[in-house]
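Please build the complete structure, drawing on both the sequences and the hints.
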Amino acid sequence: MGKRLLPVSCPSCGQVLKVKRFACPACDTAVEGDFALPVLARLSPEEQEFLVRFAECSGSLKDMARRYGVSYPTVRNRLDALIDRLGALKGEGKEHEERSPS
Amino acid sequence: MSPDTETCGWQDWFFNPFHFIAGGRALAIGLAVVIVASLNGSVSRTHLDGVFDAHTGAAAPLWIYPIEGLVDWLVMGTAVWMAGRIVSKSRFRALDVYGTQALARFPTLILVLVPLLPGFQRQLARLMAQDSDVVVGDVVSFTVGLIVTVVMMVWMVALMYRAYAVSCNVQGRKAVVAFIIACLAAEAASKGTLMAVFRRVLS
Chain W
1 MGKRLLPVSC PSCGQVLKVK RFACPACDTA VEGDFALPVL ARLSPEEQEF LVRFAECSGS
61 LKDMARRYGV SYPTVRNRLD ALIDRLGALK GEGKEHEERS PS
Chain V
1 MSPDTETCGW QDWFFNPFHF IAGGRALAIG LAVVIVASLN GSVSRTHLDG VFDAHTGAAA
61 PLWIYPIEGL VDWLVMGTAV WMAGRIVSKS RFRALDVYGT QALARFPTLI LVLVPLLPGF
121 QRQLARLMAQ DSDVVVGDVV SFTVGLIVTV VMMVWMVALM YRAYAVSCNV QGRKAVVAFI
181 IACLAAEAAS KGTLMAVFRR VLS
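These protein sequence lines are chains W and V, in that order.
Numbering-wise (my numbering), the first sequence opens with residue 1 and increments by one.
Numbering-wise (my numbering), the second sequence opens with residue 1 and increments by one.
No lab work stands behind these hints: they were computed from the structure.
Just so it is clear, the structure is predicted and the values come from calculations on it, not from any experiment.
For every residue, glycine included, the Cβ atom is placed at its ideal position computed from N, Cα and C.
Heads up, a few of these hints could be off.
[Stated by the list, open to error] For lysine-lysine, the following DSSO-like pairs were computed, each having C-alpha atoms within a straight-line distance of at most 30 Å:
{"hint": "1", "chain 1": "W", "residue 1": "Lys3", "chain 2": "W", "residue 2": "Lys90"}
{"hint": "2", "chain 1": "W", "residue 1": "Lys62", "chain 2": "W", "residue 2": "Lys90"}
{"hint": "3", "chain 1": "V", "residue 1": "Lys174", "chain 2": "V", "residue 2": "Lys191"}
{"hint": "4", "chain 1": "V", "residue 1": "Lys89", "chain 2": "W", "residue 2": "Lys94"}
{"hint": "5", "chain 1": "W", "residue 1": "Lys90", "chain 2": "V", "residue 2": "Lys174"}
{"hint": "6", "chain 1": "W", "residue 1": "Lys18", "chain 2": "W", "residue 2": "Lys3"}
{"hint": "7", "chain 1": "W", "residue 1": "Lys20", "chain 2": "W", "residue 2": "Lys94"}
{"hint": "8", "chain 1": "V", "residue 1": "Lys89", "chain 2": "W", "residue 2": "Lys62"}
{"hint": "9", "chain 1": "V", "residue 1": "Lys174", "chain 2": "W", "residue 2": "Lys62"}
{"hint": "10", "chain 1": "W", "residue 1": "Lys94", "chain 2": "W", "residue 2": "Lys18"}
{"hint": "11", "chain 1": "V", "residue 1": "Lys89", "chain 2": "V", "residue 2": "Lys174"}
{"hint": "12", "chain 1": "W", "residue 1": "Lys90", "chain 2": "V", "residue 2": "Lys89"}
{"hint": "13", "chain 1": "W", "residue 1": "Lys3", "chain 2": "W", "residue 2": "Lys20"}
{"hint": "14", "chain 1": "W", "residue 1": "Lys90", "chain 2": "W", "residue 2": "Lys18"}
{"hint": "15", "chain 1": "W", "residue 1": "Lys20", "chain 2": "W", "residue 2": "Lys90"}
[Stated by the list, open to error] Residues from chain V shown here face chain W by an in silico Cβ test under 10 Å; the list is partial:
{"hint": "16", "residue": "Ser90"}
{"hint": "17", "residue": "Phe92"}
{"hint": "18", "residue": "Thr100"}
This is how it looks when you write it as structure tokens:
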């Protein structure tokens, strides 16, 4: 079976999912609570891969372009799209916090 | 992106080479394209006397041809750079804009060779003289030449748009409208610049 994707939104209503339970695969100890998914976990696998590569190249877009055989503006445009996406996810998170009862 | 170097299909190289080539590399290849197209144009007596113009027939000193090519490229690059500054929300490099616009002129390499088709010039001369004689071979050659010219022009405009979209990180209706305005302005400005340059140099 291939690697399963982390579900980040509810298949029924589209709301961002929260983590309710963690379990230790070795001893079966479980921790339950109400944990928000970190913003980075809500990115698509491709976006997460891009961020990993960005870090591997020490944040140099020129190095990324050279290493992956694409042009500098192609990498720059992907980074801009990712920055927009992170901004939107943070905005969604704030909105959700404001709506949720404390 | 996949873990290895990205691969591409032939359509990427035809319609969006800027995904892979931009900056200094595009500028070097693009300038070579502009110069070689100009020199080939001198052989076929084809003038690229405007960003979207190609006229054949008039003999001219060799130096005029590269000046036409360089002015076309510089004016279009500047128009696109200005359009990008207005429309784009991203920071972008002038090197990418000018480099990709130079490379986008690749189809002119083929376009300037059209008048060398056997019979093309004869048929053109007949049309200019309003001569009604029909030589089938010449008409076929002329028609093929016209089709190739139109296809190369359309390809060049498509490449120019992709160059602008990639180098300035723009898309959508606003980007298209800004590109059309940039094209119209560049066509007028290149014509005006070339006329001014030649008037000054040749006077």
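* Asked: Hey, does the threonine 100 of chain V contact hint survive, CB to chain W under 10 Å?
  -> Because about 8 Å separates threonine 100 of chain V from the closest Cβ in chain W, which is inside the 10 Å limit, the hint holds.
* Are the Cα positions of lysine 94 of chain W and lysine 18 of chain W separated by 30 Å at most? -> Answer holds: lysine 94 of chain W to lysine 18 of chain W is near 14 Å, not above 30 Å.
* Are the Cα atoms of lysine 89 of chain V and lysine 62 of chain W separated by 30 Å or less? -> It holds: about 20 Å lies between the C-alpha atoms, which stays within 30 Å.
* Asked: Given the hinted pair lysine 3 of chain W and lysine 20 of chain W, is their alpha-carbon gap at most 30 Å?
  -> 22 Å, holds
* Going straight from one Cα to the other, do lysine 3 of chain W and lysine 90 of chain W come out at no more than 30 Å? -> Holds: lysine 3 of chain W and lysine 90 of chain W sit about 27 Å apart, inside 30 Å.
* Does lysine 3 of chain W lie within 30 Å of lysine 18 of chain W when you go C-alpha to C-alpha? -> 21 Å, holds
* **When the least beta-carbon distance from phenylalanine 92 of chain V to chain W is tested against 10 Å, hint result** => 7 Å, holds
* Can the restraint linking lysine 20 of chain W and lysine 94 of chain W be considered satisfied, given a maximum Cα separation of 30 Å? -> 20 Å, holds
* Would the stated hint for serine 90 of chain V survive a check requiring a Cβ distance to chain W of less than 10 Å? -> 5 Å, holds
* For the pair supplied as a hint, lysine 20 of chain W and lysine 90 of chain W, confirm whether the alpha-carbon distance does not exceed 30 Å. => Roughly 21 Å between the alpha carbons, so the hint for lysine 20 of chain W and lysine 90 of chain W holds.
* Asked: Is the hinted pair lysine 90 of chain W and lysine 18 of chain W satisfied, with a Cα-Cα distance of at most 30 Å?
  -> 15 Å, holds
* Take the C-alpha atoms of lysine 174 of chain V and lysine 62 of chain W, compute the straight-line distance between them, and say whether it is at most 30 Å. => 29 Å, holds
In terms of the numbered hints stated before, the structure departs from none.
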